[in-house]
Amino acid sequence: MSTAASLHQSRKRKNGVMMTLCVVAAGIGLAWLALILGALLYKGLAGVSLSVFTEMTPPPGDAGGLLNAIYGSIVMTIIGIIVGTPIGVLAGTYMAEYGRFSKLTTVVRFINDILLSAPSIIIGLFVYELMVRPMGHFSAIAGAVALAILVIPVVVRTTEDMLNLVPNALREAGTAIGAPRWVVIRSVAYRAALSGIVTGILLAIARISGETAPLLFTALNNQFWSSNLNAPMASLPVTIFQFALSPYEEWQQLAWTGALIITLTVLALSIFARSLTGRREDK
Amino acid sequence: MSAVQEALPAVRGSRDATVRRFALTDSIFHGMTRAAAILVLVLLGGVAISLVAGSWQALSTFGFSFLTSESWNPVTEKFGALAPIYGTIITSAIAILIAVPLGIGIAIFLTELCPRPLRRPIGMAVELLAGIPSIIYGIWGLFVLAPFLQTTVQPFIISVFHGIPGLNGLFAGPPYGIGLLTSAMILAIMILPFITSITKDVFDTVPSVLKESAYGIGCTTWEVTRRVVIPYTRIGIMGGVMLALGRALGETMAVTFVIGNAHRISTSLFAPATTISATIANEFTEAVGDLYTSSLVALGLILFVITFLILAIARYMLMRIDARTGA
Numbered sequence: 030m031s032t033a034a035s036l037h038q039s040r041k042r043k044n045g046v047m048m049t050l051c052v053v054a055a056g057i058g059l060a061w062l063a064l065i066l067g068a069l070l071y072k073g074l075a076g077v078s079l080s081v082f083t084e085m086t087p088p089p090g091d092a093g094g095l096l097n098a099i100y101g102s103i104v105m106t107i108i109g110i111i112v113g114t115p116i117g118v119l120a121g122t123y124m125a126e127y128g129r130f131s132k133l134t135t136v137v138r139f140i141n142d143i144l145l146s147a148p149s150i151i152i153g154l155f156v157y158e159l160m161v162r163p164m165g166h167f168s169a170i171a172g173a174v175a176l177a178i179l180v181i182p183v184v185v186r187t188t189e190d191m192l193n194l195v196p197n198a199l200r201e202a203g204t205a206i207g208a209p210r211w212v213v214i215r216s217v218a219y220r221a222a223l224s225g226i227v228t229g230i231l232l233a234i235a236r237i238s239g240e241t242a243p244l245l246f247t248a249l250n251n252q253f254w255s256s257n258l259n260a261p262m263a264s265l266p267v268t269i270f271q272f273a274l275s276p277y278e279e280w281q282q283l284a285w286t287g288a289l290i291i292t293l294t295v296l297a298l299s300i301f302a303r304s305l306t307g308r309r310e311d312k
Numbered sequence: 005m006s007a008v009q010e011a012l013p014a015v016r017g018s019r020d021a022t023v024r025r026f027a028l029t030d031s032i033f034h035g036m037t038r039a040a041a042i043l044v045l046v047l048l049g050g051v052a053i054s055l056v057a058g059s060w061q062a063l064s065t066f067g068f069s070f071l072t073s074e075s076w077n078p079v080t081e082k083f084g085a086l087a088p089i090y091g092t093i094i095t096s097a098i099a100i101l102i103a104v105p106l107g108i109g110i111a112i113f114l115t116e117l118c119p120r121p122l123r124r125p126i127g128m129a130v131e132l133l134a135g136i137p138s139i140i141y142g143i144w145g146l147f148v149l150a151p152f153l154q155t156t157v158q159p160f161i162i163s164v165f166h167g168i169p170g171l172n173g174l175f176a177g178p179p180y181g182i183g184l185l186t187s188a189m190i191l192a193i194m195i196l197p198f199i200t201s202i203t204k205d206v207f208d209t210v211p212s213v214l215k216e217s218a219y220g221i222g223c224t225t226w227e228v229t230r231r232v233v234i235p236y237t238r239i240g241i242m243g244g245v246m247l248a249l250g251r252a253l254g255e256t257m258a259v260t261f262v263i264g265n266a267h268r269i270s271t272s273l274f275a276p277a278t279t280i281s282a283t284i285a286n287e288f289t290e291a292v293g294d295l296y297t298s299s300l301v302a303l304g305l306i307l308f309v310i311t312f313l314i315l316a317i318a319r320y321m322l323m324r325i326d327a328r329t330g331a
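Taken in order, these protein sequences are the chains called A and Z.
Oh and the first sequence: position 190 is 219 in this note's numbering, straight run, nothing missing.
Oh and the second sequence: position 327 is 331 in this note's numbering, straight run, nothing missing.
Hints are computed from structural coordinates only; laboratory data are not their basis.
Bear in mind the structure is a predicted one, so any value in this text is a computation, not a measurement.
Heads up, the beta-carbon is just placed ideally off N, CA and C, and yes, glycines get one too.
Just so you know, not all the hints are guaranteed correct.
Computed Cβ-Cβ distance ranges for the label pairs, DEER-style [unchecked claim]:
#: 1; chain 1: Z; residue 1: Ser64; chain 2: A; residue 2: Tyr277; range: 40 to 46 Å
#: 2; chain 1: A; residue 1: Leu293; chain 2: Z; residue 2: Ser64; range: 31 to 37 Å
#: 3; chain 1: A; residue 1: Leu293; chain 2: Z; residue 2: Ser212; range: 37 to 43 Å
#: 4; chain 1: Z; residue 1: Pro151; chain 2: A; residue 2: Glu84; range: 28 to 34 Å
#: 5; chain 1: A; residue 1: Ser78; chain 2: Z; residue 2: Ser163; range: 42 to 48 Å
#: 6; chain 1: A; residue 1: Ser224; chain 2: Z; residue 2: Ala327; range: 48 to 54 Å
Residues of chain Z placed beyond 10 Å of chain A at every Cβ, according to the derived structure [as the list claims (entries may be wrong)]:
#: 7; residue: Leu43
#: 8; residue: Gly50
#: 9; residue: Thr72
#: 10; residue: Met128
#: 11; residue: Phe147
#: 12; residue: Ala218
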């Protein structure tokens with residue numbers, strides 16, 4: 030009797046200890062992440078002013094802004110999305126519609142998942158070998174291509190997933206009134222899966238807008254305003270990298286402010302993207 | 005009547021033309037989607053081929069010794085990958101050691117203990133944090149974590165382990181702040197959201213009946229987790245850990261800030277070191293000479309092969325658990 034009671038006690042104690050550890054783990058994890066965001070807000074907000082958005086990146090030890098870096102990031106992100114999205118959507122369409130049961134789809138899905146989590150610096154090396162070396166110089170267009178390659182797997186994955194959620198009865202209804210397959214895909218499947226596909230594109234934007242590694246040796250960096258796609262172009266992440274590692278206080282402050290801008294952009298995009306699909310799930 | 009019969013061939017003719025046009029546009033669209041799908045394969049193939057081509061010079065010059073040599077000297081053009089490989093593996097391994105227990109603990113907290121109204125917000129916060137760019141973690145590590153470790157934690161640990169043989173080598177000074185351990189801690193915090201959200205997802209696949217029957221015979225929450233939930237989801241958790249390992253191995257920016265970029269192998273976890281991706285990020289644009297560049301690309305090839313294998317295994321494991329829940 031007493032052994033059973035003590036066994037019960039020890040099991041309860043063990044349960045209490047382990048569950049406390051889990052709560053502690055959650056506490057540590059959340060506190061750690063809160064510390065990072067807190068430091069980012071504290072140090073980043075100190076440098077926010079109008080000149081950040083209106084002035085060029087300064088020479089060492091001088092005051093200035095991040096205008097050319099922000100511009101470069103936006104330009105390369107937009108080109109990357111314009112190039113990468115159609116390819117991603119088409120490939121996802123093949124996997125969910127025409128080739129749903131084909132062997133090619135299985136292989137592409139596997140390879141795409143690997144591309145999705147492949148180190149982005151490898152993509153940078155690939156584009157360096159593919160474009161920068163033959164062209165003989167760094168260029169914004171090479172940076173944009175590297176970003177496009179990062180966009181494709183994200184968009185492929187979400188497009189396929191979202192098209193697979195479209196009920197087959199919808200497609201059959203379209204086919205029954207005589208619409209050819211591509212009309213069914215375009216006017217029925219795409220329309221039903223639209224918010225999901227847009228979510229994928231937004232998540233892709235969120236991913237590439239903070240990417241640094243693939244830009245380091247494709248777009249390089251540029252101290253000055255440049256809208257020439259065939260020349261090196263500044264970008265926010267690379268500028269942050271360069272400024273943060275410099276010994277100049279003004280540069281380090283700009284790096285924190287830039288980091289804050291990127292984080293807020295990425296968080297806003299992710300929350301917006303999730304709210305699009307979240308509404309669908311609630312229905 | 006006769007008018008209708010006269011009109012029929014014309015109608016049929018235009019119908020045939022429409023069907024032909026439909027078939028044509030459909031096959032064009034089919035071809036386009038198929039080409040895009042194949043392009044995904046071509047991309048990965050292209051990455052592999054370009055890395056092999058770019059690293060050919062270094063690999064043919066140094067041969068197998070590239071993998072076993074520690075020297076990295078741009079002046080005499082002697083390059084070996086051992087130090088970056090060592091740094092990559094050590095930082096990732098420590099990061100996994102820190103992040104896996106924490107991540108599983110948070111997942112248990114979220115699925116078993118957390119009050120219901122808090123589950124969604126915390127789960128969503130964890131997923132959002134997975135999307136924060138790695139450069140943010142890097143800048144925090146450089147300006148906040150490294151000085152903190154340098155001034156408080158590291159001197160303390162060094163003094164504690166000073167007289168203990170074995171451990172005094174592992175925690176040898178001087179305290180730089182940056183180095184292997186700092187990088188591993190930054191990596192751990194980066195992969196924590198991944199591990200947490202995947203573990204939580206696979207925990208949710210456990211049928212309630214299984215858990216309820218275990219509770220029904222009087223198991224405690226910990227016993228249900230330890231004996232039912234974790235064994236049931238073992239493959240999924242392993243897959244998630246491998247996926248996180250793949251991330252940690254290839255992570256560039258967060259590590260580049262705090263690793264110290266020193267090409268040597270040191271037993272001390274406080275010593276500056278380097279990883280494959282940090283070496284490439286730091287030195288690629290400054291590399292002069294074809295052999296130097298080629299050696300850096302060869303490092304990239306090694307990283308590509310390692311992460312490809314890890315990710316392939318991870319995906320295979322996650323596919324198996326998907327197949328099971330689908331069945």
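Quick rundown of the hints versus the structure:
1. In this structure the supplied range 40 to 46 Å holds for Z:Ser64 paired with A:Tyr277, their Cβ-Cβ distance being about 43 Å.
2. For the pair A:Leu293 and Z:Ser64, the supplied restraint of 31 to 37 Å is violated, since their beta-carbon distance comes to about 48 Å.
3. Against the hinted window of 37 to 43 Å, the Cβ-Cβ separation of A:Leu293 and Z:Ser212 comes to about 39 Å, which satisfies the hint.
4. Range check, Z:Pro151 to A:Glu84: about 29 Å between beta-carbon atoms, so the 28 to 34 Å window is met.
5. The hinted range of 42 to 48 Å is satisfied by A:Ser78 and Z:Ser163, whose Cβ atoms lie roughly 44 Å apart.
6. Separation of A:Ser224 from Z:Ala327 is about 28 Å and departs from the stated range, judged on CB atoms against 48 to 54 Å.
7. Non-interface status of Z:Leu43 relative to chain A is broken: a Cβ of that chain comes within 10 Å, the nearest being about 6 Å off.
8. Look at Z:Gly50: its CB is around 7 Å from the nearest CB on chain A, not clear of 10 Å, so calling it non-interface is violated.
9. The Cβ of Z:Thr72 lies farther than 10 Å from every Cβ of chain A, with a closest approach of about 23 Å, so its non-interface assignment holds.
10. The Cβ of Z:Met128 does not lie farther than 10 Å from every Cβ of chain A; its closest approach is about 7 Å, which violates its non-interface assignment.
11. Against the 10 Å criterion, Z:Phe147 falls within the reach of chain A, whose nearest CB is about 7 Å from its own CB.
12. The claim that Z:Ala218 is not at the interface with chain A holds, since no C-beta of that chain comes within 10 Å of its own (minimum 13 Å).
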